[in-house]
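Novice: Next come the chains, spelled out residue by residue.
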Amino acid sequence: MPGWLADLLWTYQNVVYALGINGLLALSMYVVLAVGQLSLGQAAFMGLGAYCSAIMTLKLNLPFLVVLPVSCAAPVAFALAIGVPTLRLSGVYLAIATIGLGEVLRAVYLNVDWLGGALGLSGIPEQADFWMIYGLLGAALAVLWLIGRSGIGRAMEAVREDETAAQVMGIDVARYRLGALVASAVLAGLAGALGAHTSSFIGPNEYGFEPAVSILSFALLGGIGTPAAPVAGAWILTLLPELLRGLSDLRLVFNGVIIVIVVLFLPEGLLAVRMRRRAA
Amino acid sequence: MLAQQLVNGVLLGASYALFALGFTLMFGVLRVINLTYGFYFTAGAFVALFLTRAFGLGIWVALPAAALAAGAIAVALDWLLLARLRRKGAPELASLMVTLGGVLALNSAATAILGSDIRRLPPGLVAGEPFILFGLRVTTAQLLILVASLVLVGALVGLLHATRFGLAIRAMAEKPDIAGLMGINTGRTAALVSFMSGCLAGAGGVLIGLNFNAIHPYMGESMMLRGFVVVIAGGLGDIRGALIAGLGLGVVEVLTAGYLSSGLKEAVAFAILVGVLWTRPSGLFGRPVLRQA
Amino acid sequence: MTALLQTRGLTRRYAGLLAVDNVDMTVRANTVHALIGPNGAGKTTLFNLISGLAAPTQGSVLLDGRDLTALPAEARTALGVARTFQGVRVFGAMTVLENVLTGLHARRRTGLWAAVARTPAFRREERAMVERARAVLEMVDLAARAEQRAGALSFGEQRRLEIARAMAPSPMLLLLDEPAAGMNPAETASLAALVRRIRGLGTTVLLVEHDMGFVMDISDVVTVLNFGRLIFQGPPAETRAAPEVLEAYLGHKVAARLAELAERSSS
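Order-wise, the sequence lines are chains U, H and B.
Take 40 as the starting number for the first sequence in my numbering and just add one per residue.
Take 16 as the starting number for the second sequence in my numbering and just add one per residue.
Take 3 as the starting number for the third sequence in my numbering and just add one per residue.
If you are wondering where the hints come from, they were derived from the structure by calculation, not from laboratory data.
Pair ranges (Cβ atoms, derived):
hint, chain 1, residue 1, chain 2, residue 2, range
1, H, G169, B, A80, 54 to 64 Å
2, H, A286, B, E133, 47 to 57 Å
3, B, R68, U, W184, 31 to 41 Å
Note that this is a predicted model, so its numbers are computed, not measured.
Ideal Cβ placement from N, Cα and C applies to all residues, glycine included.
Construct all of the structure, not just a fragment, from the sequences and the given hints.
Specialist: Right, dumping it as structure tokens:
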């Protein structure tokens, strides 16, 4: 790596990591929106990944190579517990239940001493680095892009547009929706584990309602025409408070307002780019 | 002692029921999951705080004033965020998302402006020592909640079943398109329902702020989980359901805190939510809201 | 001729309303079979029961001897049932070609990992599917529109697109829900030609229609429903004159009067 880049990364380390992690979270939101679902569990899944990985590293002394995949799998059980019963119900149930999940887990982290209680867990060794985060982000983007431009991507879009018609095409709508939810849990769990191992400290208040809604704002700003779009949205909303110092206190207000504006006026997202899908 | 726990639980449950009532009403009539509802709750509490501290007003003025203020805020927010979507016939998720963004913005703005310290209503606002009824200890604040809940619920039910407005509201809840064709001014009815829900939430905010002696910008948010559990367990849109489920949740929570652990309260509430989704998603009385074909 | 589709005692009750009442219907292979009846007679419900979008309260659906009753809609599609909807339900944001490609979903053999790795098998299958899709679009005369957004098409074109999408996997049975609705005579005539072509390709067609001219012109067999019950089944010419059918459409008094007049003029 050239000297100037290394210096830049060192100075702005936190922001650079945040861009990568938020990118993964934006993708986690993208996969569920891509099949027409609204899940707000990304922050909760991230928290599960973070706590799971932190416990495994700090208390069980497991190598990161083991910790990472296990932390990605940890949120899946919760995703299924909520996802399966809500399959035949209106989309609001999934949304509500995932919001609730975040709140519940926050209370659990706060009250269980073994999980650090209100003080959280600190002293997490820095096991993740720039290459790991961006490598995984790039891989996830590539995989999602390739899937998007295939029959599976078409099926996802069909499910998003008209579930009943999609069913009649032979598409197993339930499987796609659950699959998207599980994928979203894995991506968010990954983001959580990576985040925990770059910031050395995690606390119970980092994975609740506000982060969950902020993640939605990333995806709505960018739009969901292509996987890169929500990532772009995440980067804009992560960098803006950094560049405009006065804005950082109002960061959350800004995110909320973005959501309102997009839903009311711009259903395609500010950076709407529709994926042109040339077959094969 | 079990009896005391039960009493505490019922009184806590009354506050949950009160909170959930407006929320479920909004869903039943306006078909919207309105997450800014939590903000009305917080707003009511802060208005009461302001009125009692700045002007020294008593609870009997502050409470209704706060409720009315919250109702007005509700109407304004409904107009700002939801009216347009209603006109366009937008899907439910759109309303959910817009109120999600709205409540994030409002809560964060409130925290930025007011700070996140916990404030309290002036002491001595509600007179005197706790009562001892049949050997059980009941504070005046708890009694106030119970009485206020009964009065408000009674008024709501009376309004719904004995007035023309109530008829319009029930018609809108059943068949929104046809209600419009029948000459019911759906826009005005929607505003009225928002107002009523806002008042209920605002009143709830004051009462709970009084009972737990804590008022802060995120109090609405922490009630949200309970609100979801009550509304889903009772049945989305059903008033009886909200009452019964609210009382039930209050009792379960107090018993959990007493006999298991205080830290498990939320976990138990959430477990109930998931359990209902798995076994009987329509809740006690609601119609199951299935996916549209 | 063999029975391709059979319903046995098929019943669907909705909280006190019998939408479909004990229907025993047989659709023979390689025919064009029409399903008619006054509004509210239960035709679309019957379609939903056959295609799997609704579950019967009682009874069964058999395709080529195989019991479909427990299978969900997507499984029935894989077995060879296809349908279009009342109004049109194309995927508006996708192109015409992409719409037809989704119709081929059930025939796809390569999976997720092949798609990500872009294996030769995946590429081959995609190419074959595109070829097939273009061929089907030729059949409905939409080949020139392949790259256009489906939402931009005219109503009649969207109809044809829906049919193309349904025909792409060469289904055994094609259910057409009011295909001629909203069409002018010229469009109806080319629709009739299309339906005949489809029958010629070996697909059996079951259609719901209100346009009696179209029905009489194109069908081999007509089934008549009223109040959820099957009241008549037979060739078009017989259907026209059947007293039960006349009564269902015109009401008892008028039908009786017509019968009276017919008798008087023949005596």
